[in-house]
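Asker: Those protein sequence lines, which keep their order, are chains A and B. Numbering of the first sequence is given in our numbering, commencing with residue 794 and proceeding in unit increments. Numbering of the second sequence is given in our numbering, commencing with residue 239 and proceeding in unit increments.
Check the hints yourself; a few may be wrong.
[To be verified] A few chain B residues facing chain A, derived, Cβ under 10 Å:
{"hint": "1", "residue": "F251"}
{"hint": "2", "residue": "N255"}
{"hint": "3", "residue": "K264"}
{"hint": "4", "residue": "I291"}
{"hint": "5", "residue": "I295"}
{"hint": "6", "residue": "V315"}
{"hint": "7", "residue": "H316"}
{"hint": "8", "residue": "F317"}
{"hint": "9", "residue": "G357"}
{"hint": "10", "residue": "F360"}
{"hint": "11", "residue": "V417"}
{"hint": "12", "residue": "L418"}
{"hint": "13", "residue": "L422"}
{"hint": "14", "residue": "L434"}
{"hint": "15", "residue": "R522"}
{"hint": "16", "residue": "I551"}
[Claimed, not checked] Calculated lysine-lysine pairs in the BS3-like style (CA-CA distance at most 30 Å, straight line):
{"hint": "17", "chain 1": "B", "residue 1": "K368", "chain 2": "A", "residue 2": "K807"}
{"hint": "18", "chain 1": "B", "residue 1": "K265", "chain 2": "A", "residue 2": "K807"}
{"hint": "19", "chain 1": "A", "residue 1": "K1050", "chain 2": "B", "residue 2": "K257"}
{"hint": "20", "chain 1": "B", "residue 1": "K368", "chain 2": "A", "residue 2": "K828"}
{"hint": "21", "chain 1": "A", "residue 1": "K902", "chain 2": "B", "residue 2": "K368"}
{"hint": "22", "chain 1": "A", "residue 1": "K828", "chain 2": "A", "residue 2": "K964"}
None of these hints come from the bench; they were simulated from the model. Note that the Cβ used here is the ideal one computed from N, Cα and C, for glycine as well.
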Amino acid sequence: MNKRKKYVGLEKRKAVAGYLFIAPFILGFLLFMVKPFIQSLYMSFCEVEVGAANFTMHFNKVANYYFAFRTDPKYVSLLGTEIARMVIYSLAIIVFSFFISLILNQKFKGRALVRAVFFLPVILSSGVMLGLESNNQLIATLQQTVEDTTTGISVTDALQTILRTTGVGVKAFEKVFEIIDNIYDVALASGIQIIIFLSGLQTIPKSMYEAADIEGCTAWESLWKITFPSISSLFLVNWIYTVVDFCMRSDNEVIDKIQTVMIENLNYGAASAMTWIYFLIVIAFVGITGFIMSKGVYYYD
Amino acid sequence: MTKNNSNIVKVSFWERNRKSEGYLLKKKIMEIAVVIARFILLFGLCFLILQPILNKISVSFMTEDDLFNPIVVSIPVHFTTDNYVLTAEIMNYGKSFVNSLVISLTIAIVQIAVCTIVGYGFARFNFPLKKFWFACVMLVILIPPQVISNSLYIHFRFFDIFGIIKLIRGEALNLRGNVLPYYLMSLGCMGLKNGLYIYMIRQFFRNIPNDMEEAAYVDGCGTFKTFVRIMLPEGKPIITSCFLFAFVWQWTDGFYSKMFLGSTSLLSMSIARLVDSLGAYIQRIMGIKTTVSVAYSNCILATGTLMLVAPVIILYLFAQRQFVESISSSGIKM
Chain A
794 MNKRKKYVGL EKRKAVAGYL FIAPFILGFL LFMVKPFIQS LYMSFCEVEV GAANFTMHFN
854 KVANYYFAFR TDPKYVSLLG TEIARMVIYS LAIIVFSFFI SLILNQKFKG RALVRAVFFL
914 PVILSSGVML GLESNNQLIA TLQQTVEDTT TGISVTDALQ TILRTTGVGV KAFEKVFEII
974 DNIYDVALAS GIQIIIFLSG LQTIPKSMYE AADIEGCTAW ESLWKITFPS ISSLFLVNWI
1034 YTVVDFCMRS DNEVIDKIQT VMIENLNYGA ASAMTWIYFL IVIAFVGITG FIMSKGVYYY
1094 D
Chain B
239 MTKNNSNIVK VSFWERNRKS EGYLLKKKIM EIAVVIARFI LLFGLCFLIL QPILNKISVS
299 FMTEDDLFNP IVVSIPVHFT TDNYVLTAEI MNYGKSFVNS LVISLTIAIV QIAVCTIVGY
359 GFARFNFPLK KFWFACVMLV ILIPPQVISN SLYIHFRFFD IFGIIKLIRG EALNLRGNVL
419 PYYLMSLGCM GLKNGLYIYM IRQFFRNIPN DMEEAAYVDG CGTFKTFVRI MLPEGKPIIT
479 SCFLFAFVWQ WTDGFYSKMF LGSTSLLSMS IARLVDSLGA YIQRIMGIKT TVSVAYSNCI
539 LATGTLMLVA PVIILYLFAQ RQFVESISSS GIKM
C-alpha cells in the first residue's frame, strides 16, 4: 500500500514508461533465461530421452550427479585442473593488466599504437578464434623443435634451474614458470581489463600526486598509497569479469566435455548435472572472493 | 649562434650537475633507463601479440615445399596465392561472407536497438522493483550461456507456446538450425553478451544531465519521443561502439552460431570445420583417400583464419577509437 502511494501522477506515468522500456528485457529474461534455467536444473535430476517428436523426462534423483562424480572417468579431474587454471590465470591476468595499464598511462611516443595493439586481442581472440589458436599443431611442433635444437643457454632456463634448486616453494615456482611460459594467453585475455584500469587511472586527479610529491613521497609510495586505493573498486570489477570470461572461453575443457556428453552421447541429464556442478563451483568462488575483495575496496566519495 | 647556445646549455647541465652533487646526472640516467626498459618491454609484448598474425600472413603465401623447407622461415621462396583460392573454394567464401555479414549486421542492429531501449529505461526511470530487475541484468552477465545451453537446445527443438502449436500441427515445431530463435532471443536481450551492452549503455545515459530531458517534457514531448529525439543523439558514441562490439563478436562467435545457425553456412562455422573439409575436398578431387600433411592443413587453417579476421581487422583499423573509448567513457564502477 505504501509503495503504491509513492507512485502517483507524473511519477506513476514515468514508472509505467520505465516498465515499457525494460519490457523486452523482462520478457526475454523470463522466456529465455529463467525458464531454461529452471528446466536445466530439473533436467539434471532426470533421465531425458529425446525422441523424434517429443522428449520425456523421468525423475531419477541424483543419478546424474552420481554419474558425473563417480562413473565418468574424466569429469572430476577435468574439473579440478580447470578450476586451478582459472584461479591462477585470473590472478595472473589481473596483475598483468594492472601493470600494463600503469605503463600505458605514462606519456611516451607511440602510446596510441601500443594501446591499439593491446586491445586487438579483444576482437581477434573471441569466439572460434581461441579454439583455433590453442590447437594449432604446426606452431606447437615448431616451438618444440626450436626449443630442442637451441643449444645456447637461455637465461630463463638458467633462472628456472637456480630457483628450482633453492628448494623453497618449488610448487609455487612451477606455477609462476607456467604462467611466464604462457604469457601469450595472459596477454590475449587482458584487453578489456587493461582498458578498464586505464579509464580508472585517468580519473585520479593529478593534484594528488603533486601534493604527495611535494610532501616527499616517492613514486613507489604514491603507487600504493594513491593509485592502488583509488582504483581498488576496479579490481573487483575486473576480477569478476575475468573469472566469468574464463568460464565462457571456447577452449575451456569442462565446457568441451559437457558439449561432448550432450551432443555426441545425447545424455542431456548428465550434461545438465555437469554444467550445474561447474556453475555452482564458479558462482561460489566468485561470490566468496568478491565478498572478501569488496571488504578491502576503498571508496573515495 | 645556435652552437653557442647549445654550448651554454651543455655547460650549464654539467654545472648544475656539479652543484647538485651528481643528483641531476643520476636522475637523467634513471629516466633514460626507464624509457629504454619500457620500450623493450612494450615492444616485446606487442610483438608477442602481433606475431601469430604476422606468422599466419607469411605462412599463407607459402607453397607446400616451403613449409617443409627448413631454410624458409618467414619469407616464402615460391610465392603463391593458391592457398587463398583453395581456402575460398573450400569455405565457400563468397556465400559464407554474405551470410555472415547479413546475420552479424541484423543481429547486431536488433540487439543494440533493444539494449539501448532497456539501458535507457534502467538509467532514466524510477519504477518499483528496479533494483531487482537490474540485479537480473547482472545475473545475465554472470551466468555463462553454456549453463542453459542444453535446455535451450531442447526448448527450440520442441518449440511450443503453451501447447498452441501442438494443437494445430499435431507436433511441436522444430526450430533447431533455424535463424528465428536467435532473433527472438536477441529481441529479448538474451543474445551474446547483451547484459554487458545494457550495463554499458545504462552507465552512459546515467551520466547525462537531467535538464535537457526535463525541458523536453515541459515543452510537451512524450516519453518515447524524448528518447528518440533528445537522448538518442546524445548517446551516439556509446551506441556506435556497442554496435561495433556486437558486430565483431557475432562475426567470430562459435557458440550461438553452432547452436542456432547450424544450417546456414557462416564463416565462423566453416573455419571450425576447415581441416575436415580440406580432407574431403582433396579426396573428392583425387578420387582416393589421402591424408593431408599436418603442416599443409595448418597452412590452410592459417589462411582461412586470416580470411575470417581480415574484415574485422579492417574495421578495427578505422574504428579503433570507438572501440577503446566506449569503455573508458562509460565509467565502469561498482
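Asker: Would you mind marking each hint as holding or not holding in the structure?
Answerer: So, going through the hints one by one against the coordinates:
1. F251: violated, 22 Å
2. N255: violated, 21 Å
3. K264: With Cβ-Cβ at 14 Å, over 10 Å, it is violated.
4. I291: Hint on B/I291: holds, closest Cβ of chain A at ~7 Å, below 10 Å.
5. I295: Violated, because the Cβ-Cβ distance from B/I295 to chain A comes to roughly 13 Å (cut-off 10 Å).
6. V315: Hint on B/V315: violated, closest Cβ of chain A at ~18 Å, above 10 Å.
7. H316: violated, 18 Å
8. F317: Violated. Min distance 19 Å.
9. G357: holds, 9 Å
10. F360: holds, 6 Å
11. V417: violated, 15 Å
12. L418: violated, 13 Å
13. L422: holds, 8 Å
14. L434: holds, 9 Å
15. R522: violated, 24 Å
16. I551: holds, 8 Å
17. B/K368 to A/K807: Status holds; Cα separation ~13 Å.
18. B/K265 to A/K807: violated, 61 Å
19. A/K1050 to B/K257: violated, 70 Å
20. B/K368 to A/K828: Given pair B/K368, A/K828 holds - Cα atoms ~21 Å apart, limit 30 Å.
21. A/K902 to B/K368: violated, 46 Å
22. A/K828 to A/K964: Given that 30 Å is the threshold and the Cα spacing comes to 45 Å, the pair is violated.
Against the hints set out earlier in the document, violations occur for numbers 1, 2, 3, 5, 6, 7, 8, 11, 12, 15, 18, 19, 21 and 22.
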